[in-house]
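Residue numbers (my numbering): 1 to 618.
Be a bit skeptical, because a hint or two may be false.
List of simulated lysine-lysine pairs, BS3-like, C-alpha gap at most 27 angstroms [said to hold, decoys possible]:
no., residue 1, residue 2
1, LYS38, LYS587
2, LYS6, LYS81
3, LYS587, LYS36
4, LYS81, LYS299
5, LYS478, LYS233
6, LYS598, LYS587
7, LYS541, LYS462
8, LYS586, LYS47
9, LYS473, LYS413
10, LYS36, LYS87
11, LYS473, LYS462
12, LYS592, LYS250
13, LYS299, LYS166
14, LYS594, LYS575
15, LYS166, LYS5
16, LYS299, LYS359
17, LYS237, LYS594
18, LYS518, LYS466
19, LYS359, LYS250
20, LYS154, LYS5
21, LYS473, LYS522
22, LYS268, LYS359
Hints were generated in silico from the structure; no laboratory data involved.
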Amino acid sequence: MINFKKRLLFNVYYFVSWIVYFVFLRLFFLLYHIDKTKELGLFTVIKTFLYGLQLDIAFTAYLSIIPFLLMILSVYINSKKIGTIIKWYSSILLVFINLLLLIDAGLYQSWGVRLDTSILPYLNTPELMVASVSSFQLISGILFWVLLSVICIKIFKNIINKKIKKVRVSHWIQIPAFLLLTASLIIPIRGGFQTIPVNQSNVYFSNQMFANHAAINFTWNFFNTLTHKIDGKNPYKYFDDEVAQKIINKNRTKLLTANTDSILNTPKPNVILIFWEGLTAKVVGSLEGEPTVTQNLNKLSEEGILFTNFYANGDRTDKGIPAILSGYYPPPIKRIMRMPHKTRSLPMLPQKMIDLGYKTSFYYGGDLNFGNMNTYLRNAGITNFVDGNEFDKEDWNSKWGAHDHVLMSRLSKDLEGEQQTPFFKIALTLSSHEPYQFPDEYKFGKDNEDNKFRSSHVYTDKTIGKFIESAKKQPWYKNTLIVIMADHGHSSPQHEGPFNAPIRFKIPMLWLGGAVHKPGSKIDNFSSQVDFPYTLLNLLKANNSDFTFSKNIFNTSDHQYVHYLFNKGFGTITKNGAYIYDYVSKKAILEKGKETIKLDSLGKAISQNAFQDFMDRK
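Input sequences plus hints: build the corresponding full structure.
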C-alpha cells in the first residue's frame with residue numbers, strides 16, 4: 001500500500017509540475033507584451049490564468065501519458081532506470097517548448113496570433129525566417145532559450161529524483177490500477193465529460209481579444225491545428241452555396257463599371273508597379289497619418305491620383321502579391337502562393353499584360369524562393385527577373401537582400417533612354433522589413449521597434465522619391481503609369497482598438513506619371529488590392545471577367561466595400577460601417593456603423609465563397 005501511494009504521488013507531482021510550468025509560460029507572455037497587459041486590468045489578467053487552466057491541464061494530460069505508462073513498468077523495473085528515461089523525456093520536451101515559447105512571443109508581436117501551423121511553410125527557408133530578427137535579438141533569444149531550458153530541466157530533474165527514489169518494485173496487482181489511471185487521462189484531455197471536447201473557444205471569455213489570446217496554451221494550440229487539418233469540408237461555410245453567391249452578386253454586380261471621367265490620357269501606357277514593403281497609412285501624412293515619415297510620398301500625392309480609402313486584403317507579402325496580381329482573397333490559414341498546383345489556375349495580371357503586347361519584368365533585391373514567389377511569378381508568365389543574385393553582397397543588408405536604393409537604382413538604370421514599349425515592370429522593396437536595417441540615419445532612433453519601423457520608411461521614401469525624379473527625365477515618362485502600393489498592412493506603429501482593426505490594413509496607393517489624366521486628384525471610394533487587376537485591365541480595354549472577386553475601383557458608389565482576412569477571422573468595411581469577425585469565438589470583435597448586419601452576411605459569404613474556390617482549385 002505504501003508503494004502504491006508513492007507511485008501515485010509521483011504521478012501527481014509530475015502532472016502538477018507541468019501545470020505550474022504552463023502557468024509560468026502564460027506569465028511570460030503577459031510580461032513580454034506588457035503594454036497590452038496593462039490595458040486589461042488585474043481582474044481580467046487573473047481570469048486569463050483561470051480560463052487558460054483548461055488547456056494547460058489538457059496538454060499536460062497529453063504529456064503525462066508516457067511517464068504514467070513508464071511508472072507502470074516500475075512495478076517490475078528499478079525506479080532509477082525509469083526515472084532516467086522520464087528525465088530525458090521531460091528535458092527534450094522542455095527544450096522544444098521553450099523554443100516554441102520564443103517563436104510564439106515574436107509571432108504574436110508581428111501577426112497578432114498565437115503559435116499555430118501557419119508558421120510551418122516558413123520552415124522551408126529558415127534563413128529567411130531568421131532574417132526578420134536582428135542579430136542582437138537572435139543572440140539574446142538563443143541565450144535566454146538556453147538559460148531557461150537549463151533552469152527548467154534542473155527543476156524537473158529535482159522533482160523527479162526526489163519522488164521517484166521512494167518508489168520500489170512492487171506487486172503486479174498495482175498494474176490494473178495504474179493502467180486505469182493512465183486511461184483516465186482522456187478526461188482532462190477532453191476537458192471533462194461534456195459531449196464536445198475542450199477547444200480554443202472555451203478560453204475566450206473577454207471582449208478584449210488580447211485577454212482571450214493570453215488564455216490560450218500555445219503548445220496545445222500548435223498541436224491542435226497540426227492534427228486538425230481540413231478534411232475536404234469548408235470550415236467557413238455559413239450559407240448554402242447559392243445563397244452565399246447571391247449575397248455577393250447583390251453587392252458586387254453594381255460595382256463593376258466605372259462612373260468617373262477618363263483616368264488615363266493614353267490607351268496603352270507603360271506600367272511600373274512598385275510594391276512598398278509593409279507601408280501603412282498610419283505613417284503617411286497625405287492619408288492623415290504621421291506627417292514626417294513619408295515626406296516624398298506626401299508631396300507626390302499632390303501630383304497624381306491618391307486613393308484615400310484603399311486597403312490590403314492580407315497581412316503578409318505572400319498574401320498581398322496574389323491579391324494584387326490575381327485579384328484573389330488570401331485564404332485565412334493557407335498561402336496559395338506556396339501551392340503551384342493551385343496558382344497555375346489563377347487569373348494572372350502579368351499574363352494578361354503579355355497578351356496585350358507588354359514586356360514584363362520583376363525586380364526584387366532578395367531571394368525569390370521566399371514564400372515560393374519565384375514559382376508563382378513564373379506561373380504568372382513573367383520571364384525576366386532581377387533578384388538578389390544580381391547584386392554584390394556588400395550592397396545587401398545582413399538579412400534580406402540588396403538595399404532598396406540599390407534595387408531602385410538598377411531599375412532606373414535599366415529604364416534609361418528609349419525603351420521597347422509597352423513595358424510592365426514590377427519592383428518589390430525590402431528594407432522596411434524587420435529587422436529594419438538600411439544604410440542611412442535612423443531619423444526616429446532605435447529605442448523601440450515602432451521607431452525603427454518609422455525610420456526604415458523614411459529611407460525607402462527617399463529612395464522612391466529619387467526614382468520618381470529620375471523617371472520624370474526619361475522620354476518614356478509621358479506615356480507611363482507608375483503605381484505605388486504597399487504589399488500589406490502592418491501592426492506598427494501601435495494603434496488603438498483591436499489588433500486587426502481596419503487601420504492595420506489601410507495602405508497607400510498612388511497613381512503617378514504622364515499617363516495620368518487628372519493629376520492632383522483624390523479617389524475616396526473604398527477599395528482594396530483585389531480590385532486592382534480588374535480595374536487596370538478595364539482601363540486597357542482588356543478582358544477581365546476571370547477576376548471574379550474584383551470590382552472597379554473607379555465606381556463611386558457608396559456601396560463599395562472592402563474585405564480583408566487574417567489568421568483567425570475577417571473584416572468587412574464600407575463608407576457606413578465596419579465589421580470584424582473572429583472565427584474561433586464565432587463572435588464579432590468590432591461592430592461599427594449602421595450596416596453591421598449587412599456586413600456580417602457579406603463578410604461571411606465572401607469568406608465562404610473564397611475558401612471554397614481555394615479548395616476547388618487543383
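Checked hints:
At roughly 24 angstroms between alpha-carbon atoms, LYS38 and LYS587 fall within 27 angstroms of each other, so this suggested pair holds. Proximity of LYS6 to LYS81 is assessed by CA-CA distance (about 17 angstroms); at most 27 angstroms being required, the pair is judged to hold. Restraint check: the Cα-Cα separation between LYS587 and LYS36 comes to about 21 angstroms, which is no more than 27 angstroms; the hinted pair holds. A C-alpha spacing of about 73 angstroms is found between LYS81 and LYS299, which places the hinted pair above 27 angstroms, so the restraint is violated.
Proposed proximity of LYS478 and LYS233 is contradicted: the alpha carbons are some 52 angstroms apart, above 27 angstroms. Taking the CA atoms of LYS598 and LYS587, the gap is near 15 angstroms; set against the 27 angstroms cutoff, the hint holds. The suggested pairing of LYS541 with LYS462 is violated, with an alpha-carbon distance near 35 angstroms, which exceeds 27 angstroms. A hinted pair counts as satisfied when its Cα atoms are at most 27 angstroms apart, and LYS586 with LYS47 qualifies at roughly 20 angstroms.
Distance restraint check for LYS473 and LYS413: the Cα-Cα separation of roughly 12 angstroms lies within the 27 angstroms cut-off, and the hinted pair is therefore satisfied. Taken as a hint, the LYS36 and LYS87 pair is broken in the structure, with Cα atoms around 36 angstroms apart against an allowance of 27 angstroms. About 17 angstroms separates the Cα atoms of LYS473 and LYS462, which keeps this hinted pair within 27 angstroms; it holds. At most 27 angstroms may separate the alpha-carbon atoms for a hinted pair to count; LYS592 and LYS250 meet this at roughly 22 angstroms.
Between the alpha carbons of LYS299 and LYS166 the distance comes to roughly 77 angstroms, so the proposed pair goes past 27 angstroms and is violated. Distance check on the hinted pair: LYS594 and LYS575 sit about 10 angstroms apart at the alpha-carbon level, within 27 angstroms; holds. With a CA separation close to 10 angstroms, the supplied pair LYS166 and LYS5 stays within the 27 angstroms bound. About 30 angstroms separates the Cα atoms of LYS299 and LYS359, which puts this hinted pair outside 27 angstroms; it is violated.
A threshold of 27 angstroms between alpha carbons decides the hint, and for LYS237 with LYS594 the separation of about 25 angstroms falls inside it, so the pair holds. Under the criterion of a C-alpha separation no larger than 27 angstroms, the hint pairing LYS518 with LYS466 is consistent with the structure, at around 23 angstroms. With a CA separation close to 37 angstroms, the supplied pair LYS359 and LYS250 exceeds the 27 angstroms bound. A hinted pair counts as satisfied when its Cα atoms are at most 27 angstroms apart, and LYS154 with LYS5 qualifies at roughly 25 angstroms.
Our distance criterion of 27 angstroms between C-alpha atoms is met by LYS473 and LYS522, whose separation comes to about 25 angstroms. Between the alpha carbons of LYS268 and LYS359 the distance comes to roughly 13 angstroms, so the proposed pair stays at or under 27 angstroms and holds.
Of the hints listed earlier, those the structure fails to meet are numbers 4, 5, 7, 10, 13, 16, 19, in rising order.
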